[in-house]
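Protein sequence lines correspond, in order, to chains A and B. No gaps in the numbering here: position 351 of the first sequence is 350 in numbering that gives the first Met the number 0, and each next residue is one more. No gaps in the numbering here: position 249 of the second sequence is 248 in numbering that gives the first Met the number 0, and each next residue is one more.
All clues given are correct.
Short derived list, chain A residues pointing at chain B, Cβ under 10 Å:
{"hint": "1", "residue": "PRO100"}
{"hint": "2", "residue": "GLN125"}
{"hint": "3", "residue": "GLN169"}
{"hint": "4", "residue": "LYS176"}
{"hint": "5", "residue": "VAL195"}
{"hint": "6", "residue": "LEU201"}
{"hint": "7", "residue": "LEU214"}
{"hint": "8", "residue": "GLY383"}
Derived CB-CB ranges, DEER-like:
{"hint": "9", "chain 1": "A", "residue 1": "ASP240", "chain 2": "B", "residue 2": "PRO283", "range": "41 to 47 Å"}
{"hint": "10", "chain 1": "B", "residue 1": "GLU337", "chain 2": "A", "residue 2": "ALA302", "range": "40 to 46 Å"}
{"hint": "11", "chain 1": "B", "residue 1": "ASP371", "chain 2": "A", "residue 2": "GLY36", "range": "53 to 59 Å"}
{"hint": "12", "chain 1": "A", "residue 1": "VAL15", "chain 2": "B", "residue 2": "ALA413", "range": "53 to 59 Å"}
{"hint": "13", "chain 1": "B", "residue 1": "THR480", "chain 2": "A", "residue 2": "GLY28", "range": "48 to 54 Å"}
What the simulated footprint calls covered on chain B by chain A, stretch by stretch (three residues with Cβ under 8 Å from a Cβ of chain A suffice, anywhere in the stretch; the number is not a length):
{"hint": "14", "region": "198-211"}
{"hint": "15", "region": "308-315"}
{"hint": "16", "region": "360-366"}
{"hint": "17", "region": "436-445"}
Quick caveat, the hints were computed from the structure, so don't treat them as lab data. These numbers come from a predicted model, not from an experiment. All C-beta atoms in this analysis are idealised placements derived from N, C-alpha and C, irrespective of residue type, glycine included.
Residues per chain, in single letters:
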Amino acid sequence: MSEAATAHRIGEFVAVISSSAGLQVTSGGTDAYAVDGMLPDVVVTPVSIEQLQACLSEAGTRGLAVIPFGGGAHMGLGNTPAAYDVALALGRHDRIVAHEPADLTVTVEAGVRLDTLQAALAQHGQFLPLDAAGDGRATVGGVLAANAQGALRHVFGTARDWVIGIKVVQADGTLVKSGGRVVKNVAGYDMGKLYVGSLGTLGVIAEVTFKLAPLPAAEATVVAACPSPHAAATLLFAAHDAGLALHAAELLSPGAAQVVLGDARWSALFRVAGGARAVERTLRELRALAAGMQATCATREPASVMRAWHDAFAPRALSLRVSVLPSAVPGAIEEIESALGGASAWLSSTVSAGLIRARVSPGDDAHGLALVDTVRALAARCDGALVVEAASPSVKREMDVFGPTRTDFAIMQRLKDELDRRRTLAPGRFAGRL
Amino acid sequence: MTRAHERHRTEDPAGAPAERPRGVVTREVVRALERALGRERVISTPEELIAYEFDGTIERGTPQAVVFPESTEQVSAAVRVAHRFGVPVIPRGAGTGLSGGAIAAVGGVIVALTRMKRVLEIDAVNRIAVVEPGVVNLDLSRAVAPCGLYYAPDPSSQRACTIGGNVAENAGGPHCLAMGTTTNHVLGLELVLADGEVVQVGGRSRDVAGYDLTGAFVGSEGTLAIATKIVVRLSRIPEATRTLLAIFDRIDDASNAVSAIIAAGIVPSAMEMMDRNIIRAVEPVLHCGYPLDAEAVLLIEVDGLEEGTIEEADAVDAICRRHAAREVRLAVAAADRELLWSGRKSSISALGRLYPNYYVLDGVVPRTRLPDVLRQVYAIAERYGFAVANVFHAGDGNLHPNLLFDEREPGVTAKVLEAGAEIMRLCVDAGGTITGEHGVGLEKRDFIAWLFSEDDLRAMSRLKAAFHAGEDYNPCKAFPTHKGCGEVTQAQVQRTAAAIGTDIYV
Chain A
0 MSEAATAHRI GEFVAVISSS AGLQVTSGGT DAYAVDGMLP DVVVTPVSIE QLQACLSEAG
60 TRGLAVIPFG GGAHMGLGNT PAAYDVALAL GRHDRIVAHE PADLTVTVEA GVRLDTLQAA
120 LAQHGQFLPL DAAGDGRATV GGVLAANAQG ALRHVFGTAR DWVIGIKVVQ ADGTLVKSGG
180 RVVKNVAGYD MGKLYVGSLG TLGVIAEVTF KLAPLPAAEA TVVAACPSPH AAATLLFAAH
240 DAGLALHAAE LLSPGAAQVV LGDARWSALF RVAGGARAVE RTLRELRALA AGMQATCATR
300 EPASVMRAWH DAFAPRALSL RVSVLPSAVP GAIEEIESAL GGASAWLSST VSAGLIRARV
360 SPGDDAHGLA LVDTVRALAA RCDGALVVEA ASPSVKREMD VFGPTRTDFA IMQRLKDELD
420 RRRTLAPGRF AGRL
Chain B
0 MTRAHERHRT EDPAGAPAER PRGVVTREVV RALERALGRE RVISTPEELI AYEFDGTIER
60 GTPQAVVFPE STEQVSAAVR VAHRFGVPVI PRGAGTGLSG GAIAAVGGVI VALTRMKRVL
120 EIDAVNRIAV VEPGVVNLDL SRAVAPCGLY YAPDPSSQRA CTIGGNVAEN AGGPHCLAMG
180 TTTNHVLGLE LVLADGEVVQ VGGRSRDVAG YDLTGAFVGS EGTLAIATKI VVRLSRIPEA
240 TRTLLAIFDR IDDASNAVSA IIAAGIVPSA MEMMDRNIIR AVEPVLHCGY PLDAEAVLLI
300 EVDGLEEGTI EEADAVDAIC RRHAAREVRL AVAAADRELL WSGRKSSISA LGRLYPNYYV
360 LDGVVPRTRL PDVLRQVYAI AERYGFAVAN VFHAGDGNLH PNLLFDEREP GVTAKVLEAG
420 AEIMRLCVDA GGTITGEHGV GLEKRDFIAW LFSEDDLRAM SRLKAAFHAG EDYNPCKAFP
480 THKGCGEVTQ AQVQRTAAAI GTDIYV
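So here's chain A without its partners, still in its complex pose (with noise of 0.2 Å):
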C-alpha cells in the first residue's frame, strides 16, 4: 500500500472510530508506543469490549497493522513488525471483574496490571503464581501475551499452566472464548494455550480467567555462594530432588550476583516457601547441604532480593533466553556467560526448567550480531534453542529472533492464516515472521 493510501485509510479509520464515545485517539509519534523503533500513526485507548472490537474490525477491513499493547514491558519481544499503523493501548480495559476467593479463580481485563492483580488477591491470602521481570508496568494481557516468566517458574510452571479461561478479539473484531471459569474443562478445544506466547498475532486478549494458589503461611529467601556453577548446579539439583519447599531455585552468574545479592561469585538463589514446620525443615537442609559442598550460606532478606532480582533481569539491551536440558544448563550457562564477557553478563537459571537468561550491554550492533551467533550455536551444541528477548533494532532486523522454524511450521502458518487472513494483528513479528 502506498504511503497516501495508508494515510487516507488511516483518516477513515480515525473518523470512524472517533464517533464512539470516551474513546481515545492520539496520535502515535511518541516513543511511547515504539517498536523496535517503528512509530505507529495512531494510538487508540478502547474502553470497552464493544469498543476493542469495532477497533479491530475497523482497522482489518483497511488493510491497517494493529499492534496491542499492555504496559510495554515486553515489546522488545517479537520480529521487527512488517507494518505498524496503529498501536492497540488495552491500558484502560482494566477491571477485577470477579475474584472468587473460596474457588481460587479470579476473572480479570487484559489491562489489569499484574502487580495491582497481585495485591488485590493478596487480601484473600491468595496469588496468581506468576512473576514475571521487569518493572510494574506488565499488564496480565502483555505477560500472557509474551509469554513472560519469572523465578516462580521452578514450581508453578508458565501461564498456560493457569490461564482456565480467556475471551479473545479476533482480527475481524468477533469476540470469541474457550474455557471457563471452572478449574477442570475439558469441553471445546484449548485455545488459550494457543493465545498465551502468541504476540497478539492469532488474536488481542481481552479477558482472562486464572486459577491460583494460596499464598506461602512462611517464606525465606536463602543464598549460597559457590566455587562454580557445577556447585551452584549441584546444590539447585540436590534442592529440587529432596522435595524441599521452595518456590523459586536460580544459577546467579557472578555478575549477576553482584547486582542482585552484592557479591560477584556463582550463587545459587532459593526462594523457600511454604508451612512453616516444612520451611523449617528447608532452611536446615539447604544449609547442610551447602556446608556439604563448603558453599557459604546465608538468609537474605525476601522482597528486596526478588526486587533486585527483577530489575537485574527486566528485558534491557541485549536480553536471551536460552533453554536447554536442566542437566546441559552448568556446562551451557558457564560457556554463555564467557563468551559473553564474563562478569560483564549477567545470568540466571532456572535450572529445573532448563532455562538461562542472560543480560548483557554489546556496545554496538556488531558486536550484538556476533553475540547472538555465538550464543545461538552454543544452544544447539546442547540440543537447545535461543530466543532473543530484546535487542537494538537493528540487530533484530538481520534475524527471526526466535530462531530457524520445525516440522510444524506449516500448521501454525495455517493457523494464522485461518485466524488472520488479512495479516491485520502484529504481522510479522512471531516466529517465522509470521
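Chain A is already provided as a structure; the job is to place chain B on it using the hints.
Just chain B now, with coordinates in the frame of chain A:
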C-alpha cells in the same frame, strides 16, 4: 496462501461447504490397508470387529476395519490409505473412554494404538520420559518408580487406559487437584496428521518457540491428528503421604469442610467425596471402614515433606471436626492408605451390586456451588425415579453422579439420558461445564452449544482446518457437525469392560 483446506471447515449452518461425500470402506480399502500394514495388522470380519464397537459407554458404532500399527510409519501408511479413499479414521487406545470418543460413529477405520506400547526413553535426571501412545498409564509410573519418579495424572482407569487416550481427553484423576491434568505434563508430541504427514510439536522443554500446538492438541479428543510419540514430564515421588478419612452425617458439612480447607490455604493432593449410596455399595465388599450409616465421607490426601504433611494433616483434621465430622481417621502406612483408597477406586464397579446398570456422569461446578448443586442432583434423580450414587473430586468441583437403573425396564434408558442432560444443564447454569475429564465425545456434542456460541465454535474449527483434519477425520466427536452422524444406539447394554478388574473409571 492456499485455500485447499477450506472445504474441511465446519461452516456456518447457512452455507455448508461443497465437500466430497464421505467414503465407504470397501474390500478395496481393506486390501489397501493390508498391503500397507501387512495382513496380520488388519481385521475386517464382523466377528473380529464386534469387540471394537464399544467403549466404556452405552454408545456403539461399527467399524469396517481395525488396524494395529506398530510404528509411526505404519500409522502414517494407514492414515494415508484412509485419506486417499475419503473414509473416516478413528484413533483408539484401550477403549475405556467414557464419552464415546473411540467409537466409529459412522463406520470407518479404527486405528488402534495398543500395540505401540513401548516406553522409549526415561531420562531421570531431567524428569522426562518418551512413550508410545499405547503405554498403559500405571505401567509408566511403574517403569519410572525405580528412579524415584512417577507420572502424576492418575485417572481411575489407569490400570487399563493408555497415555495416548489420556492425551486425547486431557485426563485427570483424583490427584489432579495439586498436580494438574494431563495437559500440565505433556511437553511434546510426534503427530501423524490426517493426510499422513508426520510432524513434531513441542519438545523436551516447555520453551519451544512458536504457537503451543502441543497444548492445543491435548484434549482435542482425537479430532486433529494421532499422537505416535509423547514426551511427558515426570514428578518426584513425595517423601511422605498422609491420607485422612473424615466421616459426616450431613453432605453439606462435608462440602463446607472442603471449602474451608481451601480457604485455609491448604491444597491437598487429593480430596474425594463419596455419598451414602457409594458407601453402601463398596463397604460390604471391601471393608475399608466406611460407616454404613454415614451420609458422606471425605478422603483427603496430603503429601510432600514429612513435616509438611504432619502439619497439613493436623490442620485438615481440625477443619473437618469444626464442620461436624463425627470421626476423622488417619492412615500413614502404605497398606492402610491403600485400604482407604480401595473403596474410592472400586466405587463404580461396586455399583453393580445395587443395580444392574449405571450411567456415569461427568460435570464440573465451582467448588462453592457444590452443596446446592448436589441437592439439585438428588432432586432431579428423585423426580425421574432413579437412585443416584455420587463420587467426586470435591477439591475441584468435578462431580460424577451415577444414575442407577435396570435397562430391562421399558423406556428407562431414554429417561436416564434425559436425567443426565438435565444434570449437565444444572452444572452449566451453576457456572460450570459439561465435562471435567471424560470428554465431550459422541455423547455431549449437543450440549456444547450451552457453553460456546457459533463464533466460539467457528474459531475452534479453524484449528481443525490448520491441522488439515476435515469433518471426516474422527467424525461426530467433540463438536456438533452437519453431516449425518447416525443414531446412537440407546437400547444397547452398557459395557463395562469387566475383564479389566475392579478399578474403574472415575
